[in-house]
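Could you slot chain B onto chain A? The hints should help.
Protein chains: 2
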Amino acid sequence: MKFSPLVDELIESLRCLPGVGPKSAQRMAFQLLERNRKAGQKLANALERSMSEVGHCQACRTFTEQELCPICSSPKRGNAGVICVVETPADVLAIEAGGHFMGRYFVLLGHLSPLDGVGPDELGLELLEQHLSSEDVTELILATNPTVEGDATAHFIADIARRHNVVISRIAHGVPVGGELEYVDSTTLALSFNGRIPL
Amino acid sequence: MKFSPLVDELIESLRCLPGVGPKSAQRMAFQLLERNRKAGQKLANALERSMSEVGHCQACRTFTEQELCPICSSPKRGNAGVICVVETPADVLAIEAGGHFMGRYFVLLGHLSPLDGVGPDELGLELLEQHLSSEDVTELILATNPTVEGDATAHFIADIARRHNVVISRIAHGVPVGGELEYVDSTTLALSFNGRIPL
Chain A
1 MKFSPLVDEL IESLRCLPGV GPKSAQRMAF QLLERNRKAG QKLANALERS MSEVGHCQAC
61 RTFTEQELCP ICSSPKRGNA GVICVVETPA DVLAIEAGGH FMGRYFVLLG HLSPLDGVGP
121 DELGLELLEQ HLSSEDVTEL ILATNPTVEG DATAHFIADI ARRHNVVISR IAHGVPVGGE
181 LEYVDSTTLA LSFNGRIPL
Chain B
1 MKFSPLVDEL IESLRCLPGV GPKSAQRMAF QLLERNRKAG QKLANALERS MSEVGHCQAC
61 RTFTEQELCP ICSSPKRGNA GVICVVETPA DVLAIEAGGH FMGRYFVLLG HLSPLDGVGP
121 DELGLELLEQ HLSSEDVTEL ILATNPTVEG DATAHFIADI ARRHNVVISR IAHGVPVGGE
181 LEYVDSTTLA LSFNGRIPL
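Chains as they are written, first to last, in full-length UniProt numbering: chain A, 1 to 199; chain B, 1 to 199.
The hints are all genuine.
The list treats identical chains as interchangeable, and a pair is accepted whether it falls inside one copy or across any two copies.
Taking lysine to aspartate or glutamate pairs in the DMTMM-like style, the calculated list, with each CA pair at most 25 Å apart, reads: (1) 23 with 149; (2) 76 with 8; (3) 42 with 53; (4) 23 with 65; (5) 23 with 53; (6) 38 with 67; (7) 38 with 116; (8) 38 with 122; (9) 76 with 139; (10) 38 with 8; (11) 38 with 9; (12) 38 with 12; (13) 76 with 96; (14) 76 with 91; (15) 76 with 129; (16) 23 with 91; (17) 23 with 8; (18) 23 with 96; (19) 76 with 65; (20) 38 with 53; (21) 38 with 48.
No wet-lab data here; the hints were simulated from the structure.
Just chain A, same shape as in the assembly (with noise of 0.2 Å):
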């Protein structure tokens, strides 16, 4: 017994979030007691809801507490015949924080990974070749990370979109824009060769 019981388990209780330690738990709990309490009670609310409402877009598969995500449900999005593929839902913000990109997404939620029982079923591959047969669809942006298993997802969902009528393409390897070249690695700088652009 380190504290009074309820003090103890709101600590442990905030354990459970990622990179939050025994002395950050601590830090949190004290700082909400003390200081915080609405925004404590708040985050309560928040959290007791999004954990029971929130589920998948019927479409994209990203998490949404409705049946269509914003950005499915949104007409100025789905007329673009765009698909661009990516492992996760955090992966959608970063390429929506650019605002570039303006057809839809279709969110894996993971990779191809055979040892921990991650296969196309997991990943709803069927539910994107749905898409792809019946959807007005002209292009299928693989935008899965570049690592083995995203390179290895890319080239496999590749292989099932062949079979339907669309433009096939992976998000090109190479230097990071502000990057120096010295700090890049050898394998990144030889495909940022292969892949140069003609000016």
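Okay, now just chain B, sitting in the frame of chain A:
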């Protein structure tokens, strides 16, 4: 609109936690939604209950949902006749981790800071004086932080306590165990020379 309203609200609410920025909040929300809804529910529940039920111990002012905290209500701890004055509930935990102190605590929940409107009343010094006069308290250990404010608060409390028949002491300043002299600041080093102990 970045996401569905409820997911946005969850991410925004998580930012009330200290040290959690927009990116961490997003990571936390997705981690809970993806992998740990049960823990999220438990956290919501603990938060909800803590924010409304946790108050302060009637005797020592630390956080507790009961009238007296486990330390104040323990018969083993009450008889020692020693009260240790600290600034925050976290300080109680830090001292309890050592397991060497067997008296009771008094938590100021801050330090004297006239500019911020924190005076003797806010620190509950009246309650502390009640303890000093009515109970069989023989010693008062001042364990406020070794800062200017903490020292000032300690001296202020010592002046009050002198009216009562108790031994008053301040925790020792000196070099921390396991540290290297080379990296200890000169004030601490000077204090550790002044407070040297005959062997």
